[in-house]
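Trainee: Keeping the supplied structure of chain A fixed, place chain B upon it in accordance with the hints.
Listed here are the chains, written in short residue letters.
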Amino acid sequence: MITKKTRLEEIPVNAALLNAITPMGLELKRNGLVIGENSGRVYGVVKYPQKVDYGWLSRITNLPGTIVSISFKPIDNGSFIESLSRSVIQNRGTAESARDPLTQKRAERAALDGERIMVQVDQHGETVGLLSIAIMPVSRDDSAFQKVCRKTESTFAMLKCKIRNLSNLQREGFKQLSPFYATNEQIEEIIQRIMPLSTFVGGFPFASSGYNDGTGYYFGRDASGGLIIIDTWKRGGDRTNTNMVIMGVAGVGKSTAVKHIARNA
Amino acid sequence: MNPIIPIVTIIITLLGGGGFLFYMKMGKKTSKTSDSKEQQTANEFVNVRDIRDRYLYTRDNKVMMYIKINPIAIDLLSEREKKILTKQLTAELSAEQKPFKFLAVSRPVDISPLISEYSQLMAGTSNQKQKELLRNEMFVMSNYALSGDVVERQFYIMIWERCEEGIERELSKRCCELSSRFEGCGIPCEILNQQDIVRLCNLVNNPAYSHIEDTGFDAAIPLLANLNSED
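So the sequences go chain by chain: A and B.
Residues in the first sequence are numbered from 23 upward in steps of one, following our numbering.
Residues in the second sequence are numbered from 297 upward in steps of one, following our numbering.
Pulled out of the complex, with its shape left as it was, chain A reads as follows:
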């Protein structure tokens, strides 16, 4: 207790720093918040699909105009496996005794998935944890904000995830997203779900499109809309030479592109 107190007194609040990083104002509403001159709305993900692809999280983290936070809290493997094993038994029982085919198939599926995770955790020593995703579209003007909100909702719908606006919990939601707060318990209680670590890692949340050498020639955009800026004369690493292949169906402008590149070079 004494050490805690002295530690706190040692570090005074740096007012100049605070002024530099504080938004101009903060207004909390029921379904959104205003941070400085921007509007924002915090959503939480409350349901995930049974199966996801590699790179599923990269589609969430690459939504333009949003801030995303994903927190991962490892949990005790032992008790998790026990409860998983119990649920597998229960599901198997349901599958055998159920009369209608829908319940039977669902229970079978749940039992199989449970078994698979159990093997992953028990035999490969994989960590399981509580994952919570919060996302906040941010935009300066209202129409753009509505657009980003819709885009966010549709992206999650495409991934078969369900998101909910964290009504009345915008302050806590913003805390969950901020780099200067640890996780927020109140929010986590609502949005945390059990997930193996490999699902988080295989979602490649840190993958992004686009490429920028800092100098060179602006080539265009890739399939997901990232800018491609390449310096063809940059050397280093595995780049020892530059070759280009230009492909496309007749009439899309291959020759024009080649002329363009040649002129710029």
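I should point out that these hints are in silico values taken from the structure, not numbers from a laboratory.
Where a beta carbon is used, it is the ideal one built from N, C-alpha and C, also for glycine.
Check before you lean on any hint, since a few could be wrong.
Derived lysine-lysine pairs resembling BS3-like cross-links, with alpha carbons at most 30 angstroms apart [said to hold, decoys possible]:
hint	chain 1	residue 1	chain 2	residue 2
1	A	K95	B	K425
2	B	K383	A	K69
3	A	K169	A	K182
4	A	K95	B	K427
5	B	K427	A	K281
6	A	K276	B	K383
7	A	K169	A	K69
8	B	K364	A	K169
9	A	K73	B	K383
10	B	K383	A	K184
11	A	K95	B	K469
12	B	K394	A	K256
13	A	K95	A	K182
14	A	K182	A	K73
15	A	K184	B	K469
16	A	K69	B	K364
17	A	K127	A	K256
18	B	K378	A	K173
19	B	K425	A	K184
20	B	K364	A	K256
21	A	K281	B	K425
22	A	K73	B	K364
23	A	K184	B	K379
24	A	K73	B	K394
25	B	K394	A	K173
26	B	K364	B	K394
27	B	K364	A	K95
28	B	K427	A	K69
29	A	K182	B	K383
30	B	K378	A	K95
31	A	K184	B	K364
32	A	K95	B	K379
33	B	K358	A	K73
34	B	K378	A	K182
35	B	K379	B	K364
36	A	K73	B	K379
37	B	K425	A	K127
Counterexamples of contact, computed for chain B against chain A with all Cβ distances above 10 angstroms [to be verified]:
hint	residue
38	I307
39	L311
40	M320
Mentor: Frame of chain A; chain B shown alone:
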């Protein structure tokens, strides 16, 4: 009449009154705190005590560290490569037994070096065609940049620990381990220093300005440059 009865009555009344007063006071206190919570300023909401070196100290007694993960492109990886990378990274990260938070924020792409290179090229050439092409290029690029569509995503992992004596060393060790785990899998990353942490906070709090403002935060007193000089 028994003299004890009035004494007992008085004592009971006093006790009751005291209890009531105490209760009133408690009620006032709680209503006061909830009132101040309503009127909390943005400055108080920002939970930062100070940022020193690579650590951020919060008001709720925590120390935080940040790692920036440079994005990788997975579009060009085959299914097999993705699988191998996932397995490798999962095995590495399984050793991390404490909670962490992953943040993804947008940051406008810095196209200023490109624009300055183009303008240099334009000044040095006399070829009309090339000039026209360069002008067009610059026009398109600045249009992109101004539209706000051209942003790159930046990814951070933050870890934290309760603030105690000597916890910085422990946290720093954990942070280094975590970043070396990512680097071991071919994902470049770096631990943020003071300026980068300020920039990250601004990316969330003041996104419009973070790419043009510098990150110095020391208060400065502006003085007229030549006021006190002799000439």
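Trainee: Hint check: K383 of chain B vs K69 of chain A, CA-CA at most 30 angstroms. Holds or violated?
Mentor: The hint holds at about 25 angstroms.
Trainee: Going by Cβ atoms, does M320 of chain B stay more than 10 angstroms from chain A at every point?
Mentor: Check passes; 30 angstroms lies beyond 10 angstroms.
Trainee: Please work out if K184 of chain A and K379 of chain B have their alpha carbons no farther apart than 30 angstroms.
Mentor: Holds - the C-alpha atoms of K379 of chain B and K184 of chain A are around 26 angstroms apart, at most 30 angstroms.
Trainee: For the pair supplied as a hint, K127 of chain A and K256 of chain A, confirm whether the alpha-carbon distance does not exceed 30 angstroms.
Mentor: Violated, at about 57 angstroms.
Trainee: Taken at face value, is the distance from the CA of K182 of chain A to the CA of K95 of chain A at most 30 angstroms?
Mentor: Measuring from Cα to Cα gives roughly 23 angstroms; hence the hint holds.
Trainee: Take a quick look at whether K184 of chain A and K469 of chain B sit within 30 angstroms of each other, Cα to Cα.
Mentor: violated, 38 angstroms
Trainee: For the pair supplied as a hint, K95 of chain A and K379 of chain B, is the alpha-carbon distance within the 30 angstroms limit?
Mentor: The hint holds at about 23 angstroms.
Trainee: Please verify whether K281 of chain A and K425 of chain B have alpha carbons no more than 30 angstroms apart.
Mentor: holds, 12 angstroms
Trainee: Holds or violated: K182 of chain A with K73 of chain A, Cα cutoff 30 angstroms?
Mentor: Holds, because 10 angstroms separates the two Cα atoms, which is no more than 30 angstroms.
Trainee: Going straight from one Cα to the other, do K182 of chain A and K383 of chain B come out at no more than 30 angstroms?
Mentor: holds, 24 angstroms
Trainee: Is K169 of chain A within 30 angstroms of K69 of chain A, Cα to Cα?
Mentor: Since the Cα atoms of K169 of chain A and K69 of chain A sit roughly 23 angstroms apart, the hinted pair holds (cutoff 30 angstroms).
Trainee: K95 of chain A and K427 of chain B were given as a pair; does the straight-line alpha-carbon distance stay at or below 30 angstroms?
Mentor: violated, 56 angstroms
Comparing the model with each earlier hint shows violations of hints 1, 4, 6, 12, 15, 17, 19, 25, 28, 33 and 37; every other hint is respected.
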